[in-house]
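Student: Quick mapping for you: the protein sequence lines, in order, are chains A and B.
At position 94 of the first sequence (counting the first as 1) the number is 94 in my numbering, and the numbers step up by one without a gap.
At position 246 of the second sequence (counting the first as 1) the number is 246 in my numbering, and the numbers step up by one without a gap.
Source of the hints: derived by calculation from the structure; they are not laboratory data.
Careful, some of the hints might be misleading.
What the hints assert, rightly or not - For each label pair, taking beta carbons as the anchor points, the in silico distance ranges come out as:
1. G280(B) / R78(A): 40 to 50 Å
2. R33(A) / G280(B): 27 to 37 Å
3. P118(A) / G280(B): 27 to 37 Å
4. D285(B) / G236(A): 55 to 65 Å
5. R229(B) / T160(A): 50 to 60 Å
6. T160(A) / R212(B): 30 to 40 Å
Predicted model only: the values in this text are computed from it and were never measured.
Every residue gets a Cβ at the ideal spot worked out from N, C-alpha and C, and that includes glycine.
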Amino acid sequence: MSNLNTRGRVALFGGVYNNYLSLQATIDDARRRGVDEIYCLGDMGGFGPHPNRVFPILRQSSDIHILQGNYDHSIGHRLDDCGCGYTDPRDNHFAQISYDYTLEKTADSHKDWLRDLPGEFRRQWCDRRVLMAHGSPRRINEFLWESTCSDVFLAYLLDTAQADILFVTHTGIGWKRRLPDGRLVVNVGAIGRPANDGRTGVDYALVEISAEAVEVSFVEVEYDHHRLAREILSEGLPEEFAESITTGWWTTCLEILPARERAAGRF
Amino acid sequence: MNKLDTRELIQRVEQRAALSSEPSAAPHLELDHLDTLWLQVTGTLCNLACLHCFISCGPKNDNHDMMSVEQVDEAIDRAVEEGVKEFYFTGGEPFMHPDIETLIERALRHGPLTVLTNGILIDEDLASWLGETFRRARYSFDVRVSLDGTTRSENDALRGRGTFEKILAGIDRLVAAGLNPVITVTTCHAELGGREGRQKFFDLLAERGIQRPRLKFLAPFKIGREERRGGGYQDYERLRKGDLDDQARQALQCSSCRMVTSEGVYPCPILIEEKDARMGDKLDDGLKAIELDHPACYTCFVEGVTCRT
């Protein structure tokens, strides 16, 4: 599974963060557009409510292919924390709350499933070598931010991984870049939390594949974010998490952001 | 690496050191890839002479001279061929360089750049230029300012009289120009590295009206002027073969960085005045494995230090 030799349409997303409402909305939207396949690049858990609700959606669909993220690795192996190692005591505080909650509320059978997920997918799309990874081709927890990856570094990653097109997630903010030699790198962003730009909708990547070209666009999905925020609060999770969902601005774990991406947000 | 692993590794290292007084060979570390190129643009020349400096930088130290624009260009071009991810400028004090603006523009053409400074020379004109550069650059441009206490007496005891106010004034000017500098704290006083110590810095910045604080805490290296201030390394504080697993190797920034100065190429920013650390004349000479046989390597390992932001 599954190479595309003529033409096709594929949806990719990452960073579900327990947000089963945006997950369902994303998958519905992609199917409405007639995609041949859907790829989830990992991180099922995070700061949203009711962790078990994402698994029936993901596990019962034969058209969805799923990778392991660093959060999935930690939950799957029942580790003590998400391994983010923040400097700011405030960031650590919030990261631990959502991790402890997700670890406690995720059923054992789902933890085992997360533990056994694959680390990458390789595909052939009309003679183009495609690689999908969580953080980067070389590390599950490497952040590939738009502002901190030089063109030559991305070219190096593609050379080493023997790929023409690379898809990653992990940072929570999507971007795409066509390198001067025509190769393509896409960070598909996250669907579980807005992209720190003041919009409440979330984005996934829609890919049109043909012999001539591979074109990627980001599709915004609206979902019932008010309901998600209410459920975050009724589960006793921090107000700050609900605020990010209802305002579109990140409120916690901000220190991972490079200067450029930090300046684009409100906090 | 999670905290438990680190503690276990430290215990293992210390137990082994206590059991055997025989020095064993240092671990060997391959260069995975040149992710980060450090450039010592002003060499060891600095407008301050901080007591905790791990290289004895100051107004009179010219062990490493300022780099010329050509020297910087040459290193950047070679690093670009290697697929470098990012650049860091340090010194000394980078803003003492007469061509610093040219150097910043050259680096930002190829990738993201962070400049490490004490902030004192950042006047309004320079802050405004840095702000414009930040907004104009294709890649991320970051400024990192070192501050070593939350009170005048705490900071000035290490950095020199009057520096606390001057550093904060520089930070204020950067913030007014639209930048959000990372404040770097060397935890010479152990309590500064703890949760409460860290919180004090966040509180200080909040009092100054900095609403989105960015902070980095660094363990001191017991070399350079800091060795004379706080004492040097014990004999057992050395890395030995077998201390490093793959995760620890990856965490050490010297598995993915090199430092170029006017005097040649070095494994990392810490070791430029250490005997035998020099790897050759040009960046090319440094694109190979190193031996972790310097006592400062022990600090990077046990404290999980990375000079990156």
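Student: So, for every hint listed, does it hold in this structure?
Tutor: Here is what the structure says about each hint:
1. G280(B) / R78(A): 40 to 50 Å: holds (48 Å)
2. R33(A) / G280(B): 27 to 37 Å: The hinted range 27 to 37 Å is violated for R33(A) and G280(B), with Cβ atoms some 56 Å apart.
3. P118(A) / G280(B): 27 to 37 Å: violated (42 Å)
4. D285(B) / G236(A): 55 to 65 Å: At 58 Å between Cβs, range holds.
5. R229(B) / T160(A): 50 to 60 Å: Hint violated: Cβ distance 44 Å, outside 50 to 60 Å.
6. T160(A) / R212(B): 30 to 40 Å: holds (35 Å)
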